[in-house]
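Assemble the complex: chain W is given as a structure, and chain E must be docked to it using the hints.
2 protein chains.
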Amino acid sequence: MKITEQEIIDECRAICGDAHVETGNDIDPKYQRDWLDKYPSSPFIVVRPDSTEKVAALMKLCTATKTAVIPLGGNSGLTGATQAHPDQKAVIMSLERMNMIRDVNGDGRYMIAESGCIVENLHKAADQAGWMFPLVFGAKGTAHIGGALGTNAGGLNVVRYGNARALCLGLEVVTAAGDIMNLLPALKKDNTGYDLVNLMIGSEGTLGIITAATLTLVPKPAAYATAMVVVPDIKAALKLMNLVQNQTGGRLEAYELMDQVIYDLCVTNLDHVTAPFDYSPAFSILMEIAAGSPDDVKTHSDGRLNLATQLETILAMAFEQGLADDAIIANSEAQRQNLWAMREGALGAIQKHGNWVMSDVSFQVADLPNAIEDLKAAFAAVAPGPFCVAFGHMGDGNLHAFARPYDEDPKDHPTEAAAIKAALRDTVVKWHGSISAEHGIGQDKQAEMKQLKDPVAYAMMKSIKAALDPDNILNPGKVLL
Amino acid sequence: MKITEQEIIDECRAICGDAHVETGNDIDPKYQRDWLDKYPSSPFIVVRPDSTEKVAALMKLCTATKTAVIPLGGNSGLTGATQAHPDQKAVIMSLERMNMIRDVNGDGRYMIAESGCIVENLHKAADQAGWMFPLVFGAKGTAHIGGALGTNAGGLNVVRYGNARALCLGLEVVTAAGDIMNLLPALKKDNTGYDLVNLMIGSEGTLGIITAATLTLVPKPAAYATAMVVVPDIKAALKLMNLVQNQTGGRLEAYELMDQVIYDLCVTNLDHVTAPFDYSPAFSILMEIAAGSPDDVKTHSDGRLNLATQLETILAMAFEQGLADDAIIANSEAQRQNLWAMREGALGAIQKHGNWVMSDVSFQVADLPNAIEDLKAAFAAVAPGPFCVAFGHMGDGNLHAFARPYDEDPKDHPTEAAAIKAALRDTVVKWHGSISAEHGIGQDKQAEMKQLKDPVAYAMMKSIKAALDPDNILNPGKVLL
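Chains as they are written, first to last, in this note's numbering: chain W, 1086 to 1566; chain E, 1086 to 1566.
This is chain W alone, in the form it adopts within the complex:
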C-alpha cells in the first residue's frame, strides 16, 4: 500500500474531524516540547481521537502506511518518552479527549477511566464515591492515567498501596495492528493465560496504546497520625519502619527519609515551614500512619486522636530499642501540614540553592544503609560538595539522590558531573539496584539500560517488541535500542 503524506493527513481528518488534526506549522507549541524542555518534539501530525474505535482506525492507518505513532498523555514525563525525533515522521496521538470516567462502582471498589483522565480528577471521583484512588505524585494535576500506567508511576504512598501497576485491575488496549483488546473486567482472580495487563503497564506505549483502565479503589482512612522522627542512622530507620509495619498491621502510609543537608535547605529556603526541631538532625523520617479501626478516630479529652496515642506507644518502643532519638508528633492538622510542607517543598528548597546532579534510582530496601554510604563516599571522592538523599521513598528503596560538585553548578564542572553520574551507576550495579525506579526509560536511559539490564531479559524484551509490533511503529526509538 503506497500512500502520500497528504493522504495520511486526509485520512486522519476523516477519522477524527478537521478540528482534531494539526499538521506542519499549525501544530500547537505544547506538542513540540516536554516538561523539562529537554527533548524538543517535531511531529508530522498531531491527532486527538475521542474514542477507542477512532484510536483503532488510526492504528490501522498507521500500520498500513508504516507510520510511527507516539501516544501522548499529560506530557509530564521526565525521560523524553513522548516526543518525536526530528528525523522520524511520527504521528503524536494525544489521548486528551479520551477523558471519560466510564464507571465508578463503589460496591465493587473499582472505576473504569479512559486514558486521558487527569489523575487528580480520578481522586475526586473516587472520593465522591466514598473511596480513595491512592496513586499520588507531584504531577497529579497534569498527568493522565494512561501515561501513569504507561510508565508505571510511583509516588508518595507506594509503601502502602504499591505503584500504578498494583492499582490496575484491567486494561483496554489498541494493538499495533489496530485491534481492540478488552481486558477491562475487574477480576481479582483470573488465571486464563499470560498476564498481558502487566506487560502493557510500564511499556511506555511501545507495545500497545492503553485507551482505558479499570482501577482499584481503597478504603479512605478516617484519620492520619503523622510524626517527624530523628533516627540515629539509616539502619535504625529501616528497623523502625519494620517495627511500625508490624505494630500497625501494615498501615504505614508514608515513610520519607531526610538527611541533614535537605533538612537545612528546607528550613532555610522554605519561608512557610516552621523548623520541627531546634537543631539539624543527621537523619529524620517523616512518617504517617492511617486509622485502622473505629476506636482510632475517637478523641481524648485533650482533643487528641486515639490514633496519635497509638503512634506515641509505638515511638516509645522505638526509643526503648534505640531506633529513635527524638520525635515530634503532629497534634493538629496545621502541625501535620507543616511537616508535609517540608517534604513537598524539598525539591523547591534544593533548586533555590542552585543546580544539582539529580537521580531516580532504587535499591533493595535492606541495602539502603550501605548503598547510601557508598554513594556519599563516591561523590566525595569525585568532587566534594553537598550530597543529599533529598526525598528517599524509603519504604520502596527509592532514592532521589542529589549532588553538587564543589557546591557549584554541575554545568560548570561537566567532567565531575559525569563522574558523579558514573559513580551513581556503579553503586546501582554493585547493589543490584535499578537505574530507573519510577520515571521509566524513554530516550533518557535507553543506552544505560541496554548496558546494565540482564542481557537475557533485554533480548527477551526485544523479542516481545518484535512479536507485538513487527513494523516497529509503536513509539519507535524509545525504551529499547
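Read the hints as simulated data drawn from the structure, not as lab findings.
It cannot be assumed that every hint is accurate.
Repeated chains share a single entry, so a pair holds when one copy, or any two copies, can fit it.
Cross-link-like lysine to aspartate or glutamate pairs, in silico, EDC-like; alpha carbons within 16 Å at most [as the list claims (entries may be wrong)]: (1) 1496 - 1318; (2) 1437 - 1492; (3) 1535 - 1122; (4) 1174 - 1556; (5) 1209 - 1096; (6) 1324 - 1405; (7) 1383 - 1138; (8) 1320 - 1192; (9) 1324 - 1192; (10) 1151 - 1096.
Relative to the frame of chain W, chain E by itself:
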C-alpha cells in the same frame, strides 16, 4: 543436529548424574499420574537437576534436539498442566531437588527460595524470621513455590495479601534456549523495561522455567478476631465486606461465603464441628480480621481481646444498617478453630454426600449477587438438585460452585452434567467473569479458553509464545492450542 534418544539420555545423565535420571520402565509411577488421577503421564525421561546451571544445560540440550520439556513441581495441580501426552516424547524436569532457601532477609522483608521448595516450608522459614509468607492454600504441604508461581495460585487470604503474583518481587528463569535470566533483586520500584516477572508468573512453564523466586514477607498478625455472621442476602454480604474493610483499614484476612446447602452438609457430615447456630442460615460468612495495633492485643478483664471488641463494634454497625441478622464471635481459640474447621472441612462434607459437578470461576465482586442468582436458576432449569457456592472466596469474586443433577451422581446423568457446565460457562460469559480463577488452564480448559478469551488477547499470547519459544519445546500442548 541429529542425535539419538540414547544420546539424549546419556547427556541428561552426564549433566545430572545417573541417580537423577529415570527412563522407560524405571520411571517412578509418581511421575506417571496427576493429583486427580485424571491425566496419565508418559514421559520419555524424568530428570532431577539440583542447580540452575544444570537446568540451563538441560534446556540447551532440549533446544538443540527439539525435545519437549515439562517442568514439574509438587504435582498438586488440578488441570493436567504437568503431564506428558502419550504421543509426545517429553522430558519431565522435576525441580524437587532445587529446594534451597537461598536467603531470608528480615530487615528487607523478603526471602529467596528455589522453585522446588514446598510452600509450607516457606511458611516455617518466614515464621522463624519473625514474619509471615501469606500464600496459603489446601495443597501447601505438597505444592512447590515454583508451581504456585507457574499457576499464580490463590487461596484463603487473597482478599488481604493478593495471589502468588502479588507476593513475588523477582524471579530467576531459564529460557527455552537455556539462558539464565536473573531478575531476583527485591526491588519494589524498577521501571527498566517490560514486566517479564509477571509475564512468567501464571504461564504454566510454557515461556520459561522458574528456578528461584524472591518472595515478600509480611507482618505476622499478633492476633485474630473471627466471626460467623448471618447475612440477609449476598448483596448485604458485599456491603458488609466493604464496611469491614473501611472500618479496619483493610485488615480483613478472610471473607468466605457459605450458603444453606453447604452449611447443612458441614453440620451433618463433619463430626468434629459444632454447629455455630441452632438453625440453618440461608447465607453466612466466615470472617476474620487481624490485629493492627498494640492496643488490639490487650485483653479485657473477662479475657477477651480488644480486637474482638472492635469486631463487635463493627458488627453492631452492620446490624444497624441491616447488613447482618445474627452473628457469633469466637471467644477462644477453640471456638475460632471450630469455625475454621467448617470452612476447611467443607470439601470433605460435600464429597461425603456424593459426586458433584465442580467449578473454579470468578466474577467481578460487585456482580456476585446477580451471577449467583443466575447460576442457581440455570442449574435448576437443567436438572433440579442441590446447588451450592461451597466456599466462595467472596473478597476475590472467586466461587467454587457445585451442583448435583436430581441430587444424583453426575456420572449417571452425563447430558445434564454437560448442560450444567454449559450453563456455568454461559453465566461466566454473561457477567464477563473468568473460567479459571485460580487453578490455571493446563490441558483442562484449553479449548474453553480459546473459545472465550478476548480473541486479540489470545492472538497476542500466541505471538509471545512463538517469540519466546520458537521451537515450541516448553510444555507444549498446554495452555494455548
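Hints, verified against the model:
1. 1496 - 1318: neither (32 Å within a copy, 68 Å between copies)
2. 1437 - 1492: For residue 1437 and residue 1492, only the intra-copy Cα distance (13 Å) is at most 16 Å; the inter-copy one is 78 Å.
3. 1535 - 1122: neither (25 Å within a copy, 48 Å between copies)
4. 1174 - 1556: This pair counts as within: shortest intra-copy Cα distance 14 Å, inter-copy 37 Å.
5. 1209 - 1096: Neither: 37 Å inside a copy, 63 Å across copies.
6. 1324 - 1405: within (13 Å within a copy, 42 Å between copies)
7. 1383 - 1138: neither (51 Å within a copy, 58 Å between copies)
8. 1320 - 1192: Answer is between; shortest inter-copy Cα gap is 9 Å, intra-copy 42 Å.
9. 1324 - 1192: Answer is between; shortest inter-copy Cα gap is 7 Å, intra-copy 38 Å.
10. 1151 - 1096: within (14 Å within a copy, 47 Å between copies)
Violated hints, listed in ascending order, are 1, 3, 5, 7; each of the other numbered hints is respected by the structure.
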